[in-house]
Amino acid sequence: MIEARDLRKSFGPIVAVDGVSFSVQKGDVLGFMGPNGAGKTTTMKMLSCFFPPDSGTAAVEGYDIVKDPVEVRQRVGYLAENAPAYDEMTPEAFLKFVCDARGMDRARRTAAIDRVAESCAVTGVMHQPIGTLSKGYRRRVGLAQALVHNPPVLILDEPTDGLDPNQKHDVRNLIKKLAPEKSTIISTHLLEEVDAICNRIIIINEGRLLVDSTPAELRKREGGELDQIFRKLTRGGRKARVAGGVS
Amino acid sequence: MRGFLSVFKRELRAYFSTPLAYVFLVIFLFFTAFLSFQRNFFEMRQASMRIFFSNLPLLFIFLVPAIAMRLWAEEWRTNSVELLFTLPITATQAVLGKFFAAWSVIALALVLTCPMVLTVCYLGDPDPGPIITGYVGAFLLAGAYLGIGSFFSGLTRNQVIAFVLSVVVCVLFFFAGSPTVMNYLSGFLPMNLVEAAESLSIESRFESVQRGVMEVRDVAFFGLLAAGWLWANTVTLGQRRAMG
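If you read the protein sequences in the order shown, they are chains A and B. Mapping the first sequence onto my numbering, position 173 (from 1) lands on 552, and the numbers just tick up by one. Mapping the second sequence onto my numbering, position 75 (from 1) lands on 150, and the numbers just tick up by one.
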């Protein structure tokens, strides 16, 4: 479970996240949407304790992200944008390292690595250096890393970016299959992805929360398809800003 | 401890799964031997390692930053720092894990110079005191330089910048007590500050260690130097992360 309260974060003069609050319950798959630079990644980095918020806080599985970052990280599986990994390592060594850092003993580690290698379809490349892998494999290794400790909370930043249509389908099915036992946030630019796996949708723009709803409810309320609604909601902000700048 | 060990093991493996550690070891062994023999290691007709140890501080000024420069700059460049700091590991554990991995490579390099010791022992009957303090001192000195290297590596994603800045600071610490620097500083600094600068000198401290004199304060000096830079390393890593 995730409970974000009034999260704020600025980088110098730029306000990246401006008072965002929401909650994610067990079983939820929250689709996190917004134009580039809206504050999605910044919010996810705060929730996974890469950096603390300037003000506001969040509780992840009951632990505060500011006071207990190590406890939070233990319970979160995080896939960062571009799936960072150590290029000289093989996926096997890499997953072993992640298990080690997460304090999993040898028996649990072997079983866990076999499980995620299969579910993320990376079994065939387990002994190839990550630096030589294609974008799709690299991302799936990143996903395997996020799932290896079977965390109660999943935070995935564009998990299907760079995958081919078949792989996208597989990863979505995997997330769907895991969803009932977890609280999941995924950020995405793909509206079809929200329809396929998310039971809730959040749209943010310029650091502010615009919509916190379900896809069906949003369609009913705003009328039209999700992409039209998305454009309508997120373009307004930019126009208003440009107009303000001119005057 | 778990976090420290996992980072330490990963980092140590990274040195040996790329050519880095091997290049470092070969170059280090070549230059220690070359510089010793060039400066009449045999012709001195003394069973001592003084020439060998006297080259180490200068050699380390270049080689230790070379081994330290990738520690954090590489993480920033590939963004794997985002992975590392979303694992349940504290910044201190990560900094120390990396530091000790790099220090172990240097320790191995020093151990591999043992043929020099064996040669001296075979040819004569050397006083073991200066040899032991020489090795311990060299190891501690490398730790101090490594702290500096790790700090600058944490500031940038560019390994070359990390290397150059570390070398400059290592040079400053090394020559802090030399007559040229002392003369220059005494031109505009009060005497007690000049003396303070002199007491930071690595050169004079390492000289006494080579003679076989190692006091607690020498060990403390190198230890505190390393610890201070590593502490700053941890702090700046936190600040850099917060900047995005």
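Since the hints were made in silico from the structure, they are not lab data. Treat the hints with care, as some may be off.
Stated by the list, open to error - Here are some chain A residues pointing at chain B (derived, C-beta under 10 Å):
id: 1; residue: F401
id: 2; residue: K405
id: 3; residue: D433
id: 4; residue: G435
id: 5; residue: V449
id: 6; residue: Q453
id: 7; residue: F476
id: 8; residue: V477
id: 9; residue: D479
id: 10; residue: R485
Backbone N, C-alpha and C fix where the C-beta goes; we use that ideal spot for every residue, glycine too.
Comparing the hints with the structure gives:
{"no.": "1", "hint": "F401", "in the structure": "violated (20 Å)"}
{"no.": "2", "hint": "K405", "in the structure": "violated (21 Å)"}
{"no.": "3", "hint": "D433", "in the structure": "holds (9 Å)"}
{"no.": "4", "hint": "G435", "in the structure": "violated (15 Å)"}
{"no.": "5", "hint": "V449", "in the structure": "holds (5 Å)"}
{"no.": "6", "hint": "Q453", "in the structure": "holds (4 Å)"}
{"no.": "7", "hint": "F476", "in the structure": "holds (5 Å)"}
{"no.": "8", "hint": "V477", "in the structure": "holds (7 Å)"}
{"no.": "9", "hint": "D479", "in the structure": "holds (4 Å)"}
{"no.": "10", "hint": "R485", "in the structure": "violated (13 Å)"}
The structure shown violates the earlier hints numbered 1, 2, 4 and 10.
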